[in-house]
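J.: Now for the letters of each chain:
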Amino acid sequence: MDWQAQFKETFGIKWPKLLESLGQTVYMLGWALLIGAVIGLLLALLLVLCRKGGLKQNRVVYAIVNVYVNIVRSMPFIITLVFVFPLTRLIVGKTYGSTAMLVPLVIYISPYMARLIENSLLEVSPGVIEAAQAMGATTRQIITRFLLPEALPSIVLAMTTGTVGLLGATAMAGYVGGGGVGDLALTYGYQRYNFPLLILTIVILVVFVQLLQLLGNRVSGKLRKHR
Amino acid sequence: MIQINHAVKTFAEGKEAVHALRDVSLTVEKGDIYGIVGFSGAGKSTLLRLVNGLEKPDSGNVVVAGQDLSKLSQKELLLLRRKIGMVFQQFNLLEGKTVKHNVSIPLLLAGTPKKEVEARVKEVLRFVELEEKENAYVSQLSGGQKQRVGIARALATSPDILLCDEATSALDPQTTESILLLLKKVNREMGVTILLITHQMQVIQMICNRVAVMEYGKVVEEGSVLSVFGTPKEEVTKRFVRTVINDQIPEKFISLVRNEQRNQQVELLKFIGDAVKEPLIANLCRMDGLEVNILGATIQEMQGSVMSVFILQLIGSGERIALAEEKIDSAGALRERMVLEA
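Taken in sequence, the protein lines are chains V and H. Under numbering that gives the first Met the number 0, the first residue of the first sequence carries the number 0, and numbering increases by one thereafter. Under numbering that gives the first Met the number 0, the first residue of the second sequence carries the number 0, and numbering increases by one thereafter.
It is worth saying that the hints were derived from the structure and are not from the lab. Even for Gly, the Cβ is constructed at its ideal location relative to N, Cα and C. Fair warning: there could be bad hints in the mix.
Said to hold, decoys possible - The calculated lysine to aspartate or glutamate pairs, modelled on EDC-like cross-linking and capped at a C-alpha distance of 16 Å, are: (1) H:184 / H:31; (2) H:183 / H:128; (3) H:55 / V:129; (4) V:51 / H:131; (5) V:224 / H:115; (6) H:99 / H:128; (7) V:221 / H:94; (8) V:13 / V:1; (9) H:269 / H:325; (10) H:29 / H:188; (11) H:99 / H:131; (12) H:183 / H:31; (13) V:55 / V:129; (14) V:55 / H:188; (15) H:96 / H:133.
What the hints assert, rightly or not - Computed far set for chain V versus chain H, every beta-carbon distance over 10 Å: (16) 1; (17) 126; (18) 127.
Please construct the entire structure, taking both the sequences and the accompanying hints into account.
T.: Shown next, in the form of structure tokens:
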């Protein structure tokens, strides 16, 4: 028996099916992370700039963003997922498949990212910002030349944490039609009493998270090197 | 160069109002090294930040280099700030970046061409004697070196004014001295007007030519350093002056004065500069029926001048003492009778 047959024998699925699932997970994770991080960063900047004592103090904007972030973050992902179905249909045209799942994933992860990045930005020494202001830096220059570069190592770690959270969400998204490793575990593993496959997916996810964290720590450490 | 007129600033801290500035007026002339001294919470920090518009007065106005700050647009204010350097107690540098990067930032913000930036950075680093540290990371430097980088950064855009916010308060005495000498060099060689705030009277003594003393949001005393040190009027000023010039009777001699049975008077004498030409103390000693004991003496250098303080115990009849006092006054020394508390 060759190894592919052996694989089918042990885990109850064909080898390419596993690859396909992995691909779907990476697809959902990658795009949701990219879009979610950008939106999260913008929300975080709004929170930091508009907060009391911020560079562009604005109560209304702060309150709106703050409440939005809190509401979305208090909803379990599985609820968000079905709640935004109409929006998903409007944007993607359907409510199943990996691409459609990007809508709820982004909605779910961006406020989470916003909170994490907000914390990173708030860690930047107020003295450095004051020095920037004293130099005659514009708000844009303060953001691009002081705030973001100073917060970057911390933002990288925050995003790593966010990505791990996102990975969990992709598993649920997979279950309602997004595919991916989570779907594999639940549909092929759990429902078919295929215990070895369940174990395999868990191992894959654990390794995945380990690698993500390792990467995040490495990058952040490199950026922090001279501090 | 800098004029602050009737500035008032109140912060709301919870329900309480904090009066940081209560009607403060101040004039700094071009070329001054002007020191503002006060205990923490006196309002110095707020006052300093009025000058570059980091704080805006609730009422009153601030005129810098002929421009009324309240009449400037945001853009004009940013341009003005490039002509005002600022140095901080905690340096406020980008710790993870190189010295060169830190010093070049203000130039890059102003849109200076790359070539010029390079040349200017070298120039100011040479001035603060940190040339060889150009490519070092700030985190690898000592406190004194960091402050030199801070000063270089503030000077990069060739400002007319330098604001120093407790620039030496985080440094040890030796480093403090070297930074103060550097500031003096900045003032003398670059013609930069310096406004500094501090709670250390030594700083004022070493480099300032004018001083203002602040307490509870007000300037309580102001003048040339020599006159404020020589004849402090307010209690708080006296306390500050006492931190560098000891004008108290040494503990050991107090009992000596107390146990003296004869008629006596303790006098505090101050000589500023070369105001006193004759050998006054020698003359006093030569007076008949008068005994002179020196209980204390210090000499302080400031503003290229010398101030000496003597505490004398005069023993003799009331008439002899009165005569001695006359001699002291006519010789041009500042005299003050000291009363020993029971």
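J.: Against each hint, give a clear statement of whether it holds in the structure.
T.: Outcome of the hint check:
As the CA atoms of residue 184 (chain H) and residue 31 (chain H) are separated by approximately 13 Å, the hinted pair is consistent with the 16 Å bound. The suggested pairing of residue 183 (chain H) with residue 128 (chain H) holds, with an alpha-carbon distance near 14 Å, which does not exceed 16 Å. The suggested pairing of residue 55 (chain H) with residue 129 (chain V) holds, with an alpha-carbon distance near 15 Å, which does not exceed 16 Å. Between the alpha carbons of residue 51 (chain V) and residue 131 (chain H) the distance comes to roughly 42 Å, so the proposed pair goes past 16 Å and is violated.
For the suggested pair residue 224 (chain V) and residue 115 (chain H), the alpha carbons sit about 29 Å apart, so the restraint of at most 16 Å is broken. Proximity of residue 99 (chain H) to residue 128 (chain H) is assessed by CA-CA distance (about 13 Å); at most 16 Å being required, the pair is judged to hold. For the given pair, residue 221 (chain V) sits about 15 Å from residue 94 (chain H) by alpha-carbon distance, which is consistent with the 16 Å threshold. Only pairs whose Cα atoms come within 16 Å are accepted, and residue 13 (chain V) paired with residue 1 (chain V) is accepted, the gap being roughly 13 Å.
Of the pairs offered as hints, the one joining residue 269 (chain H) and residue 325 (chain H) holds, with about 15 Å between alpha carbons and a cut-off of 16 Å not exceeded. Of the supplied pair hints, the one linking residue 29 (chain H) and residue 188 (chain H) holds, its CA atoms being roughly 14 Å apart against a limit of 16 Å. Of the pairs offered as hints, the one joining residue 99 (chain H) and residue 131 (chain H) holds, with about 11 Å between alpha carbons and a cut-off of 16 Å not exceeded. Between residue 183 (chain H) and residue 31 (chain H), the direct Cα distance comes to roughly 10 Å. Compliance with the 16 Å bound is thereby established for this hinted pair.
This hinted pair checks out: residue 55 (chain V) and residue 129 (chain V) have alpha carbons roughly 14 Å apart, not beyond 16 Å. Of the supplied pair hints, the one linking residue 55 (chain V) and residue 188 (chain H) is violated, its CA atoms being roughly 39 Å apart against a limit of 16 Å. Distance check on the hinted pair: residue 96 (chain H) and residue 133 (chain H) sit about 11 Å apart at the alpha-carbon level, within 16 Å; holds. Separation of residue 1 (chain V) from chain H is adequate, the least Cβ-Cβ distance of about 54 Å exceeding the 10 Å criterion.
Annotated as non-interface, residue 126 (chain V) brings its C-beta within 10 Å of a C-beta of chain H; the closest such distance is 4 Å. Some Cβ of chain H comes within 10 Å of the Cβ of residue 127 (chain V); the nearest lies about 5 Å off, and the non-interface call is violated.
Checked against the numbered hints given earlier, the structure breaks hints 4, 5, 14, 17 and 18 and satisfies all the rest.
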